[in-house]
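One line per chain: the protein sequences are A and B, in this order. Count the first sequence with the numbering used here and you get residues 955 to 1166, in order. Count the second sequence with the numbering used here and you get residues 25 to 283, in order.
No incorrect hints appear here.
Under 7 angstroms between C-beta atoms, here's a sample of chain A residues computed to sit facing chain B: (1) 1067; (2) 1068; (3) 1072; (4) 1078; (5) 1079; (6) 1080; (7) 1081; (8) 1096; (9) 1098; (10) 1099; (11) 1100; (12) 1104; (13) 1144; (14) 1146; (15) 1147; (16) 1150.
Honestly, the hints are just simulated from the structure, not real lab data. Here a beta-carbon is modelled for each residue, glycine too, at the ideal position from N, C-alpha and C.
Each chain, written out:
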Amino acid sequence: MLAILDYGAGNQTSVRRALDHLHIPCTVTADPAELHHAWGIIFPGVGAAGQAMRTLCARGLDKSLRTAVGRGQPLLGICLGCQILLEYSEENATPTLGLLAGKSRRFAEHLHQEDGSAAPVPHMGWNSLRVIRDCPLLQGVDSAAEFYFVHSYYAQPAAELVIATTVYGHEFCSVYGRDGLWAAQFHPEKSGRPGLTILANFYRYCEARHAQ
Amino acid sequence: MLSKRVIPCLDVRNGRLTKGIRFSGNEDIGDPVESARRYYEQGADEIVFYDITASAEARSIFLDVVERVAAEIFIPFAVGGGIATVADMRDVLLAGAEKVSLNSAAVCNPQCISAGAEAFGSQAIVVGMDVLAVPPSPAIPSGYEIVIHGGRKRMGLDALAWARRCQDLGAGELCVNSIDADGTKDGYELTLTRSIAEAVTIPVIASGGAGQPQHMLEAVTQGKASAALVASIVHYGQYTIGQCKEYMARHGVKVRLSW
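Chain A with its partners taken away, still in its complex shape:
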């Protein structure tokens, strides 16, 4: 069973729909006991870092997440959930969870894409990955696969954590993490089959971890 963290972040329902489609057992929850017993946790997010941190802290979910990671429970952050695993976000100048080293920065205005066209903020649409290092999450994902992004801030984790990058105005980190603690800037739940593969890979990893 996977737990999808419910903190009023908006896209927990679309993540649940994708897991339902994959027949992956899951629950959308903010209950510490349910989070504790889950094989893994998906930490989605849409919205602003400041508000998200306030909600997480008000409900004690920041502690639940820290405890989960401390116990080695697998965790996957998505979009805003990807950014706030780091220590700090330029969005609302927010100290964030600090589960991994790094910070989140805003895309500069007036950047340009490779063909010379403007790269307005937010970065919204389909874009590709350049995989830097192997990761169980990306197993079976075609190297030409693209993913659906919607964001104005991007994660800048410690260099050794970077798994894949994407180019929009400049190269930024789009997947990062370490074994069992991962983050994706794009929305796997809205990225067609390659996105579903990532969710299924996460579940398979959680299942194997749980069986140990």
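Given chain A, put chain B in place with the hints provided.
Showing chain B alone in chain A's frame:
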């Protein structure tokens, strides 16, 4: 770099497609969910549904369609037709759409754009513009006028000025539909598309006139659009979405080819 998007548009009336849609060698389909799934499998980058009834009873049938689509289609999709209030927007977004498309309501009450952007973020708000070519005048200096009700009512509003206003109010995207080109299959109105795309920084979706993949290529090159909306070119099985995208890729446009 972002890929240029191909977006099929489905018109829904009372929960059914308004036009029969035939895919090569396949059944005639009146169910919007079936069609959406087919386009998803053909590599559509997004899908737009227009509820062209938008009566109170039809609305709940339509929301049921949106929920069924969200349970099966894992790409973003937008919903339009009769959406006028933040409550209407919330209904379709909760049912699983990523975006709402505001059309007549935005023209009649521009504040619904800012209210929607504030409540759900600009990325969720598409403004659909129906545009008619007219002789340039002091009121319509660009020679492109905003119309509503399928072109039956002219609004005395310049399309370029309106596009900028929509962006200022918080629209995340503009879908620019040429009433003149719509249904002709002779290609998009490229001058209009390009003029709007150059007047704003938010993405522009070209709409109206696609009859061949070449037209879609033109929309995203000469027209400077970020996406091409398509209807009959794919609905009648003339081309698949994949064929259109392969054509664009062969001509140097970055499109998503793996799905």
